[in-house]
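There are 2 protein chains.
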Amino acid sequence: MLASPMIAQTSPKVTWRMTSSFPKSLDTIYGGAEVLSKMLSEATDGNFQIQVFAAGELVPGGAPAADAVSAGTVEACHTVGYYNFGQDPTFALAAAVPFSLSARGINAWHYHGGGIDLYNEFLATKNIFALPGGNTGVQMGGWFRKEINTLADLQGLKFRVGGFAGKVLTKLGVVPQQIPGGDIYPALEKGTIDAAEWVGPYDDEKLGFYKVAPFYYYPGWWEGGPTVHFFFNKAQYESLTPTYQSLLRTACRAADADMLQKYDYKNPTAIKSLVGQGVQLRPFSPEILQASFTAANEVYAEMEATNAPFKKIWESIKGFRNDYYQWTQVAEYNYDTFMMIQQRDGKL
Amino acid sequence: MLASPMIAQTSPKVTWRMTSSFPKSLDTIYGGAEVLSKMLSEATDGNFQIQVFAAGELVPGGAPAADAVSAGTVEACHTVGYYNFGQDPTFALAAAVPFSLSARGINAWHYHGGGIDLYNEFLATKNIFALPGGNTGVQMGGWFRKEINTLADLQGLKFRVGGFAGKVLTKLGVVPQQIPGGDIYPALEKGTIDAAEWVGPYDDEKLGFYKVAPFYYYPGWWEGGPTVHFFFNKAQYESLTPTYQSLLRTACRAADADMLQKYDYKNPTAIKSLVGQGVQLRPFSPEILQASFTAANEVYAEMEATNAPFKKIWESIKGFRNDYYQWTQVAEYNYDTFMMIQQRDGKL
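Read top to bottom, the protein sequences are chains A and B. Under my numbering, the residue at position 295 of the first sequence is numbered 295, and the numbers go up by one with no gaps. Under my numbering, the residue at position 148 of the second sequence is numbered 148, and the numbers go up by one with no gaps.
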């Protein structure tokens with residue numbers, strides 16, 4: 001029943017700026033903010049507008065995006081919490097930390113395991129209100145100029161890798177390097193660095209790393225299911241009408257899901273293309289994975305001992321992580337395993 | 001910048017009825033329609049209302065829900081396409097068919113692989129417009145009174161299982177049974193049937209099947225990532241303003257994601273509880289899985305030979321299925337495998 005008459009509704013004009021931590025060249029991850037903006041505008045006849053700015057247009061990429069939201073310089077940003085790891089490692093927990101939940105698990109925790117509320121309890125002290133706004137799926141472990149098989153191969157390895165993983169890998173002898181995305185290729189080419197991680201096949205292929213570092217390792221155990229977030233200045237979010245708050249939550253959920261769906265569609269084609277260009281896929285050895293897991297747990301213990309908000313959130317994730325991996329090893333894992341065997345046998 | 005003044009907007013009053021194919025007792029899957037209804041109502045100050053009716057309140061559950069939408073008796077339903085498998089097996093393809101994509105894969109196909117448009121090209125001939133509206137994740141293979149290990153154990157097995165899987169299992173000697181949910185328990189108890197499949201741990205536990213059929217098999221290869229859909233009467237959908245159409249699409253995406261997140265949160269607790277009550281978990285043997293896969297491919301070939309719309313959609317899914325399982329066996333699979341090993345070793 002579509003009934004007349006038209007009802008006059010008061011729909012406030014809201015114009016927000018959202019600074020993205022990402023360049024436009026990362027169309028999948030940068031595009032998440034544009035997906036949200038379009039959904040909001042269309043659902044409100046153009047009255048709720050979010051103008052998206054790429055990294056550097058208003059605010060530099062990385063940590064400054066969240067800082068600008070916290071200060072109220074911009075109303076919103078699209079970022080990954082771990083960019084602000086240096087200020088407080090708690091920022092990273094709902095984004096990605098080593099050996100945490102993969103995408104479906106972290107989403108179950110965000111939306112039904114109390115994750116959104118726990119993260120916002122911490123972020124409220126920074127004047128930020130956050131909602132999940134995308135996921136890349138498990139990332140790759142990065143591009144290496146030489147094969148690494150043993151822990152000895154990690155000694156002195158100059159690896160372009162971010163905050164939390166860098167802290168873990170330092171315990172194993174790696175020398176983490178901080179290099180902006182655009183400078184990675186020449187550094188790998190000249191051998192200034194030995195390895196670099198970026199995202200996954202779809203994003204990595206565009207930067208051409210395979211030409212200068214042919215060994216492509218997996219999995220990126222420091223980003224098992226990284227959540228990108230929308231951060232909103234808390235006072236700005238609270239100034240919205242309940243109608244707009246609800247719409248914003250709904251649209252964020254849709255945009256959140258969309259990013260993973262895009263990656264899951266684009267990565268399969270990209271990995272085929274990369275392998276076709278001579279990329280050598282290599283799994284991290286059990287020795288390296290197990291030592292990394294042990295080192296990560298040492299870092300967690302150190303942080304939990306001195307940081308109560310960190311401990312509260314990490315204990316919540318850990319509890320669910322155990323239950324989640326117990327269950328998924330039953331039906332999901334066995335189904336996928338069977339299907340992968342058929343794929344390898346050329347039967348799909 | 002939150003700016004005045006308030007803008008008068010014309011927001012039409014729309015009141016739709018949505019009949020669910022599910023009873024309220026399946027709170028997770030039935031609840032998906034209520035999640036959508038709440039999102040729409042809140043985003044429109046109550047002007048876009050969808051009234052949800054449980055199976056049997058307006059229309060019986062199962063196939064009649066889609067029939068009612070097609071006929072325009074109700075504006076919308078929340079259903080699984082395979083309920084209408086008997087009318088045309090094409091209905092089942094975007095829902096769940098044997099050995100199709102698991103949840104993340106089918107979502108990539110729906111939203112970025114052209115799946116939504118392909119399914120709607122078929123459904124347009126039935127006056128239906130469909131959007132994904134939930135996913136249960138890989139289902140379990142069901143409850144068995146006795147262990148089944150070989151193909152011989154399937155001969156004459158009276159198994160309560162639905163349309164497409166029933167057709168495949170018939171080739172292996174199984175005798176499929178059609179029994180409403182409420183009648184399964186006594187039939188299992190009396191031995192009128194030998195086995196029954198339902199959903200997964202969270203839903204199954206409530207029905208208590210473990211008391212009368214202790215062997216709980218996995219995976220449910222006929223439902224690797226079943227998509228629940230919102231079906232709308234096509235003319236009704238098209239009569240909506242572009243604003244409401246866009247809002248409806250956004251809200252459906254959010255509700256779609258929510259259901260899987262709920263299952264992924266609830267199933268881990270339920271499987272622990274079931275095992276604690278003595279349930280015996282059993283994987284289908286490689287012999288049975290492989291024979292089922294072969295039989296399913298025979299059924300697909302038969303259907304493709306006589307049903308052009310079926311062939312068009314299934315070829316699209318199959319093409320992506322091969323690429324998807326090639327990619328996910330790299331980073332995702334190895335990450336999850338490592339985490340599951342830690343879980344089994346008590347290290348999470």
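Simulated from the structure, these hints should not be mistaken for laboratory data. Hints are supplied without guarantee of correctness; some may be wrong.
Straight-line distance between alpha carbons at most 20 Å, and here's what the computed PhoX-like set of lysine-lysine pairs gives [stated by the list, open to error]:
1) A/K347 - B/K318
2) B/K311 - A/K347
3) A/K318 - B/K272
4) A/K311 - B/K211
5) B/K347 - A/K318
6) A/K158 - A/K146
7) B/K211 - B/K234
8) B/K347 - A/K272
9) A/K266 - B/K318
10) A/K211 - A/K311
11) A/K146 - A/K190
12) B/K190 - B/K211
13) B/K266 - A/K318
How the hints compare with the structure:
In summary, the hint linking A/K347 to B/K318 is supported, as the alpha carbons are separated by about 11 Å, within the 20 Å threshold. A distance of roughly 18 Å separates the Cα atoms of B/K311 and A/K347; the hinted pair therefore holds under the 20 Å criterion. For the hint pairing A/K318 with B/K272, the CA-to-CA distance comes to about 16 Å; that is within 20 Å, so the pair holds. Between the alpha carbons of A/K311 and B/K211 the distance comes to roughly 40 Å, so the proposed pair goes past 20 Å and is violated.
For the given pair, B/K347 sits about 11 Å from A/K318 by alpha-carbon distance, which is consistent with the 20 Å threshold. In summary, the hint linking A/K158 to A/K146 is supported, as the alpha carbons are separated by about 12 Å, within the 20 Å threshold. Our distance criterion of 20 Å between C-alpha atoms is broken by B/K211 and B/K234, whose separation comes to about 45 Å. For a cut-off of 20 Å, the pair hint linking B/K347 to A/K272 is broken: about 35 Å separates their Cα positions.
About 16 Å separates the Cα atoms of A/K266 and B/K318, which keeps this hinted pair within 20 Å; it holds. Of the supplied pair hints, the one linking A/K211 and A/K311 is violated, its CA atoms being roughly 42 Å apart against a limit of 20 Å. With a C-alpha separation of about 14 Å, the suggested pairing of A/K146 with A/K190 holds against the 20 Å cut-off. Distance hint between B/K190 and B/K211 is fulfilled; the C-alpha atoms sit about 12 Å from each other, no more than 20 Å.
Between the alpha carbons of B/K266 and A/K318 the distance comes to roughly 16 Å, so the proposed pair stays at or under 20 Å and holds.
In summary, the structure is inconsistent with hints 4, 7, 8 and 10 from the numbered list given earlier, while agreeing with the others.
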